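Numbering-wise, the sequence shown is residues 385 to 640 according to our numbering.
These are calculated hints, taken from the structure and not from any lab test. Be careful, since some hints might not be right.
As the list claims (entries may be wrong) - Computed spacing ranges between beta-carbons, pair by pair:
1) 464 x 524: 35 to 45 angstroms
2) 464 x 502: 29 to 39 angstroms
3) 427 x 406: 18 to 28 angstroms
4) 523 x 551: 29 to 39 angstroms
5) 392 x 537: 45 to 55 angstroms
6) 619 x 457: 31 to 41 angstroms
7) 405 x 532: 46 to 56 angstroms
8) 430 x 542: 22 to 32 angstroms
9) 480 x 528: 44 to 54 angstroms
10) 406 x 540: 47 to 57 angstroms
All values derive from a computational prediction rather than experimental measurement. Using N, Cα and C, we set each Cβ at its ideal position, and we do this for glycine too.
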Amino acid sequence: MPDYLNTPEGRRIAYHRLAATGPGADLPGIVFLGGFRSDMQGTKAVYLEDQARAEGRAFLRFDYSGHGHSSGDFVEGTIGDWAQDAMRALAALTEGPQILVGSSMGGWIALLVARAMPDHVAGLVGIAAAPDFTQAMEAEFTGDQRQEMARTGQVARPSDYSDEPYPITRRLIEDGRSQQVLDRPLRLDCPVRLLQGTADTDVPPAVALRLLDHLEANDCRLTLVKGADHRFSTPECLALIAGAVAEVTAGAPDRD
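Just need the whole structure built from these sequences, with the hints factored in.
Pasting the structure below:
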């Protein structure tokens with residue numbers, strides 16, 4: 385069963401946390417940031433937790449509000465809300481600078497956290513990172529969807545991962561405009577690794593290339609994996625994630 389963090393905003397955030405043990409206490413902890421409508425039980429989150437446990441290093445995974453075991457209704461959430469959840473969790477549940485590993489929307493959240501709390505971030509790994517994706521969603525709306533949004537305040541979007549479409553609300557789209565990271569300079573004074581599959585139909589490789597070009601960072605690399613899809617969860621892809629975390633760990637500033 386998860387533990388829970390009560391935030392000042394009245395949200396109850398479910399989380400699992402590993403404490404550092406032995407030599408792992410000298411390494412920056414890892415915080416996994418999941419994707420849109422996903423939860424902390426996903427393959428990548430659990431895999432990274434197992435890796436952290438083997439190294440004896442601190443690890444945190446959690447559910448944003450409206451996701452998984454956390455309180456709230458998904459339909460009422462926004463990027464700003466979920467970024468705030470991540471910042472509350474980082475501040476309350478970790479010690480020292482952390483390595484943020486963000487998958488899909490979690491990559492956008494990681495960038496927002498790194499911009500707002502640079503002293504808490506030792507490095508960043510983006511897996512099919514999807515910065516500003518609500519803008520892309522809005523641009524793809526058909527005329528009928530725009531009319532539906534104007535009439536009802538939300539549209540139903542088909543999902544490749546569920547038989548049920550999921551709602552995109554006006555509040556999500558409008559808040560997303562204020563949370564953009566690609567519309568202004570973004571400086572990260574920590575190592576950054578971006579991982580991207582060429583067969584990703586949800587977040588095309590062009591997004592990763594744009595992010596790579598946009599970031600102002602002295603140590604930033606993009607790895608394109610031919611044939612990998614958006615899940616990026618095959619054994620080979622998981623090994624690449626672990627390798628990226630190891631690279632970022634090696635390049636992270638001294639914790640002292």
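Here is how each hint holds up against the structure:
{"no.": "1", "hint": "464 x 524: 35 to 45 angstroms", "in the structure": "22 angstroms, violated"}
{"no.": "2", "hint": "464 x 502: 29 to 39 angstroms", "in the structure": "19 angstroms, violated"}
{"no.": "3", "hint": "427 x 406: 18 to 28 angstroms", "in the structure": "27 angstroms, holds"}
{"no.": "4", "hint": "523 x 551: 29 to 39 angstroms", "in the structure": "18 angstroms, violated"}
{"no.": "5", "hint": "392 x 537: 45 to 55 angstroms", "in the structure": "27 angstroms, violated"}
{"no.": "6", "hint": "619 x 457: 31 to 41 angstroms", "in the structure": "36 angstroms, holds"}
{"no.": "7", "hint": "405 x 532: 46 to 56 angstroms", "in the structure": "53 angstroms, holds"}
{"no.": "8", "hint": "430 x 542: 22 to 32 angstroms", "in the structure": "27 angstroms, holds"}
{"no.": "9", "hint": "480 x 528: 44 to 54 angstroms", "in the structure": "50 angstroms, holds"}
{"no.": "10", "hint": "406 x 540: 47 to 57 angstroms", "in the structure": "50 angstroms, holds"}
This entry does not satisfy hints 1, 2, 4 and 5, going by the numbered hints stated previously.
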